[in-house]
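Novice: What follows is the residue order along each chain.
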Amino acid sequence: MNTIEVNNKADIFSTEIRGEIDQWVAKYPADWKQSAVMAALRIVQDANGGWLTTELMNDVAAYLDMAPIAVYEVATFYSMYELKPVGKHKICICTNVSCMINNSDRVVDHLEDRLGIKLGQTTEDGRFTLKEVECLGACGGAPMMQIGKQYYENLTPEIIDSILEGLE
Amino acid sequence: MVTIEVNGRELKAKAGDMLIEVTDEAGIDIPRFCYHKKLSISASCRQCLVEVKNAPKPLPACATPVMEGMKVFTRSPLALAAQKGTMEFLLINHPLDCPICDQGGECELQDVAVACGSDASRFVEGKRVVPAKNIGPLIATEMTRCIHCTRCVRFGEEIAGIREMGATGRGEHMVIGTYIEKSIDSELSGNIIDLCPVGALTSKPFRFSARAWELTQVEGVAPHDSVGSNLHLHLRSNKVMRVAPKDNESINECWISDRDRFSYQGLYSDDRLTVPKIKQSGEWQDVTWEVALDMAAAGLQEIGEGEQIATLVSPSSTLEELYLAQKVTRGLGSNNIDYRLRQGDFRLDGAEPAFSWLGLKISEIENLNAALLVGSNTRKEQPILAHNLRKAAVSGAKVHFINPLQLELNYTAGQQLTTPAGMVQSLAAVAKALGATGEGAAAKVIDKAVADDDAKAIASALKDADKAAVMLGNIAAAHPDYSILCVLASVVANASGATFGFLAEAANSVGARLAGAMPHLLPGAKVAAEKGLDVMKLQKLPRKGYLLLGAEPGYDFWDAGLTRNALESADLVVALNTHTSPALEAAADIMLPIAAFAETSGTYVNTAGEWQSFRGAVKPLGEARPAWKVLRVLGNLLDQEDCEYTSSEQVRDELASLCEGVMPDNSVGKTESADLQSAVDGLIRIGDVPPYALDSLVRRASALQQTKDAAPAAICINAEEAKKAGLADCDSAVVTQDGREATLPVSIDANIPDGCVRISAGLAGTETLGAQFGEVTLEKA
Ligand code: SF4
Ligand code: FES
Ligand code: FES
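Protein chains in written order, with our numbering: chain A, 1360 to 1527; chain B, 47 to 827.
So that you can see chain A by itself, here it is in the shape it has in the complex (with noise of 0.2 Å):
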């Protein structure tokens, strides 16, 4: 209760997103929408240049019927979703326990003098934001590394160089 009052959800969002959003509502049962709320706040995270913002947020709770908090909740619980604007390139660097003892350490103070941020910064051409996450549940290739989708383990100085050499 206390959701938003909107006269037509399908004011809400674009056509591609209200499609998107409706798949996932579809795979539950009709009176729990709520439970598509991860997947919406991603899609329109995704879509938003990689974070939300709190009108996007709202956008969300009116959708899916929701209290605006109940969706707050959720966006600040999970460390997928972004509050601030991010770069162009997320790099999310594990330093939980594995990668720790694999000296992730090392790799935080590579990726922030390379790129002359410190961790949950923003490089000033917006190409480059670092990010300290917990365990990826890629222990076997610690230290390692997120940037958008994909993994980076086993991770040196050199090896960091030459994958943000690849990236745009």
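FYI, nobody ran anything at the bench for these hints, they're computed from the structure. Don't take every hint at face value.
With a straight-line Cα cutoff of 25 Å, these simulated SDA-like cross-link-like pairs (lysine to any residue) come out [unchecked claim]:
1) A/K1477 with B/V176
2) A/K1368 with B/E766
3) B/K228 with A/L1526
4) A/K1477 with B/K292
5) A/K1477 with B/K173
6) A/K1443 with B/E260
7) A/K1490 with B/R174
8) B/K228 with A/W1410
9) B/K228 with A/A1426
10) A/K1392 with A/L1442
11) A/K1368 with B/D800
12) B/K437 with A/K1443
13) B/K675 with B/M341
14) A/K1392 with A/N1367
15) A/K1368 with B/Y457
16) B/K179 with A/E1493
17) B/K173 with A/W1410
18) A/K1392 with B/K437
19) B/K494 with B/T483
20) B/K292 with B/T262
21) A/K1449 with B/K675
22) A/K1477 with B/M341
23) B/K228 with A/I1519
24) A/K1490 with B/P177
25) A/K1443 with B/P177
26) B/K437 with A/A1426
27) B/K179 with A/N1367
28) B/K179 with A/D1390
29) A/K1449 with A/L1526
30) A/K1477 with A/I1519
31) B/K103 with B/D70
32) A/K1443 with B/E218
Using the hints, position chain B with the ligands against chain A.
Specialist: Just chain B with the ligands, lined up with the frame of chain A:
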């Protein structure tokens, strides 16, 4: 039933009950934070860990169902170690700011820390800090103190029905709050102050003004709606410092509305009337009680003819006050007394039930399977009843409304949005769909009605339900065709087998009828041999003398303009009031300061017909005196017989004996007139009374006046109608009603039906207008 053993003591319990419910019942203390008897179980704080024999580790008492033969130890070394461990973790991030925390002295965390905490912390790292958010004028936040019990979050979702608070972030970064800067707008929001076990959520108006141990607690009854919620008044040095609920399972459970919680602020507003005053050649003068009362008595006697005297009383007055007001009035030879200040249609007088009531117990509302509410903004008018109605709706009851404004509801319900005249037709259509014909006025309107799909849906919901109710609210009571709505609602209820009931407007609307504060009813709801005039006629045919009790001209009457004219033309207006106002000063000749809520003893009869007496908690401010005493002395000065009361209990007992055997009864008689007074050619005003404009006290409660529900007067109109009238948002417009004008801002509001403009009553800026419901014209200012 199962038998369990707790600390060696044998206890009987219902299978499936949680352990903590059983131990609470038996008076065995188990510390807890997240558990609350009225909220769902979250079992997240782990403070309630206890030892259960054969369980491998301590179990949370709040989430462990009892089982036959279970052996529990709440104070064993294992249990205590577990509780101590939890407490140590909870205190890691809790600030040590008890000396500046309002919760100090009544903090559950403090108490449990004393019982099972350590005296020194082993935690040397930095504590986290959470910036406080402004969540409105009622609740102060200090979120660094929050221990994440989520009671406030669950309250929003489960009780208030509005999810406003939430837990955002994760792990150490999790915070409880609204995420965005926003006010908490539920009409029950203040309850999270009581729920919060720590000082994260405290009362903003009370903040830093007293310590819990300096306060004394006395009982009271809430004065702002017909529920009669039970209260605890917290006092210091003869002042009400704050108000909290007192548990009463059959009335308010453990909740109260924000209106009942924060209205006490109005007691100490600058315009409290604290000395008797008389007007001499246009100037107000302070005088002694003797002078003022002598003048009042002499003035009333001078008028001579009884029927030239009218007594208009507020339905928020106590039973004792109302009884004595009618006694004094009738002693003067007049039956002209009325409490129905906000009613506009009196065609039902004589045919309406004398002791009308809710029709069921308050606690029975949640068991309804269907309900039809006619002319009721229940959530704002009677928040606790609305909470019960919501409970019914959430468990599947079909709830329908017929209203001239679309409500913001916290559950799913059918809402028929229509003009005031349309409301009559919609209700008649439901009657028709039920195959009812009715008599007199009802027959005429039902005959013309068409049973459309909406009507059929309501009809079948009521008919198919095991337990159904049809109820009239405040908007219906103020409707220009109240008499027709009332007979129709009764027909609908009878035809569908539903209970018929009234959601009475004020704390003592039901009591006023029993006390005989009506022109055609004597105390004990007995029909008067000689009938007086109703409140409307008493203004349309102005009297020479008026006695006002707790009624403020300009705000408390159905037609503010009419009231002003009537009072202006009178020779004598004696006002017994708690507060003064420019409108009152203009109208009155004598102002007698009376005790307000919490300052007087008395009795209210709630809408379920329950009598609840209370004592005066504090002395009246200044020279104000309890109104029952003032009326008694007035009776004495007028040489009236049997007016020698020494206590309000004596007055109550006298009335109670007159009411003996009088049973609540909602049977409605027959009326003839089927003229639709609400049928107008142009725009009709919807003059509902917003919750914080209800009476003298709330209108002066400063924190409530800053909430969203206390929006200033405006012309609310839908976009279509605004366009037709040449108005757009933010413009201001001149509204004309009965030749009287007011200039107000325009607000475009999709919740208002075509043909209507909502200009709420009881608000500053509307004193000059006419009837709460009546034709108006708009013009761009
Ligand atoms: S603010 Fe109070 S009630 Fe809400 S979660 Fe925190 S401690 Fe619990
Ligand atoms: S700890 Fe880095 S991937 Fe698991
Ligand atoms: S009270 Fe049982 S876990 Fe919180």
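Novice: Now tell me if each hint is right for this structure.
Specialist: Structure-based check of each hint:
no., hint, in the structure
1, A/K1477 with B/V176, "holds (23 Å)"
2, A/K1368 with B/E766, "holds (21 Å)"
3, B/K228 with A/L1526, "violated (42 Å)"
4, A/K1477 with B/K292, "violated (55 Å)"
5, A/K1477 with B/K173, "holds (24 Å)"
6, A/K1443 with B/E260, "violated (48 Å)"
7, A/K1490 with B/R174, "holds (21 Å)"
8, B/K228 with A/W1410, "holds (22 Å)"
9, B/K228 with A/A1426, "holds (14 Å)"
10, A/K1392 with A/L1442, "holds (23 Å)"
11, A/K1368 with B/D800, "holds (24 Å)"
12, B/K437 with A/K1443, "violated (40 Å)"
13, B/K675 with B/M341, "holds (17 Å)"
14, A/K1392 with A/N1367, "holds (17 Å)"
15, A/K1368 with B/Y457, "holds (20 Å)"
16, B/K179 with A/E1493, "violated (29 Å)"
17, B/K173 with A/W1410, "violated (30 Å)"
18, A/K1392 with B/K437, "holds (23 Å)"
19, B/K494 with B/T483, "holds (11 Å)"
20, B/K292 with B/T262, "holds (14 Å)"
21, A/K1449 with B/K675, "violated (77 Å)"
22, A/K1477 with B/M341, "violated (83 Å)"
23, B/K228 with A/I1519, "violated (44 Å)"
24, A/K1490 with B/P177, "holds (24 Å)"
25, A/K1443 with B/P177, "holds (19 Å)"
26, B/K437 with A/A1426, "holds (19 Å)"
27, B/K179 with A/N1367, "violated (32 Å)"
28, B/K179 with A/D1390, "violated (33 Å)"
29, A/K1449 with A/L1526, "holds (12 Å)"
30, A/K1477 with A/I1519, "holds (16 Å)"
31, B/K103 with B/D70, "holds (22 Å)"
32, A/K1443 with B/E218, "holds (20 Å)"
Hint check: violations occur at hints 3, 4, 6, 12, 16, 17, 21, 22, 23, 27 and 28; the rest are consistent with the structure.
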